[in-house]
Amino acid sequence: MNPLKQILKWTLIFLLSFTTFNFFISGKIEVSIEIEAPVVIVYEKVTDLQTWPTWAPWWKKDSTMSTVYSGQKSGLGAKMSWSGLDGGGSLEIVEANFAKNLKNELFFEGMPLSYRIWTFQKIDKGTRVTWSFQDELPFYVHFMQLFISPEIKSGLLSLKQKCESMHSSKSEINLFEVPE
Numbered sequence: 123m124n125p126l127k128q129i130l131k132w133t134l135i136f137l138l139s140f141t142t143f144n145f146f147i148s149g150k151i152e153v154s155i156e157i158e159a160p161v162v163i164v165y166e167k168v169t170d171l172q173t174w175p176t177w178a179p180w181w182k183k184d185s186t187m188s189t190v191y192s193g194q195k196s197g198l199g200a201k202m203s204w205s206g207l208d209g210g211g212s213l214e215i216v217e218a219n220f221a222k223n224l225k226n227e228l229f230f231e232g233m234p235l236s237y238r239i240w241t242f243q244k245i246d247k248g249t250r251v252t253w254s255f256q257d258e259l260p261f262y263v264h265f266m267q268l269f270i271s272p273e274i275k276s277g278l279l280s281l282k283q284k285c286e287s288m289h290s291s292k293s294e295i296n297l298f299e300v301p302e
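Residue 123 is where the sequence shown starts when you use the numbering used here, and the numbers rise one by one after that.
Just so you know, the hints here were simulated from the structure itself, not pulled from any lab data. None of the values given here were measured: they were computed from a predicted structure. Heads up, some of the hints might be wrong.
[Said to hold, decoys possible] Simulated DEER-style distance windows between Cβ atoms: (1) Gln256 <-> Pro125: 43 to 49 Å; (2) Pro179 <-> Ser203: 17 to 23 Å; (3) Pro125 <-> Phe146: 30 to 36 Å; (4) Lys127 <-> Leu235: 40 to 46 Å.
We put the beta carbon where it would ideally sit given N, CA and C, even for glycine.
Produce the entire structure from the sequences given, and follow the hints as far as they go.
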């Protein structure tokens, strides 16, 4: 067979396979976890951006990352920017509803602005936390969910460990209840 026909054939097979693969993967990313700690503790860990290096996975992957904080210490208006081996970016809390939800504006160099939503739900044993993307991934990059979701899950597991260890060390403190 002619080499040009071979290249065309394999290119077509690749494109059809890639399109089919992306068709079966959702472009929405949403990961939840249950944390055995009060909503207040979990919410405060997420809204205080200066705690992120202790639980978010990106700081563990890049020890050279430098982070600068500005705006409020936590909550609405809190902002951080960073630079590291994979480039730089910034994150700002643009909406905050105490112990209910947060909205982060996220910017990575070379990428469009995107938004992350956090929801905090009181459950019997503590808190259900959901970290999701407000914006859906474009169709031909749905496959990126396979790389992003595990990192988010890793971050939530680390957040769980931090919050549960804080809660157990503060178990004698009477934390106020968050209204439903």
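Hints, verified against the model:
Checked against the hint of 43 to 49 Å, the C-beta distance between Gln256 and Pro125 comes to roughly 47 Å, which is consistent with it. The hinted window of 17 to 23 Å between Pro179 and Ser203 holds, with their beta carbons roughly 18 Å apart. Restraint check, Pro125 to Phe146: a C-beta distance of roughly 32 Å satisfies the suggested window 30 to 36 Å. At about 44 Å, the CB distance of Lys127 to Leu235 agrees with the hint of 40 to 46 Å.
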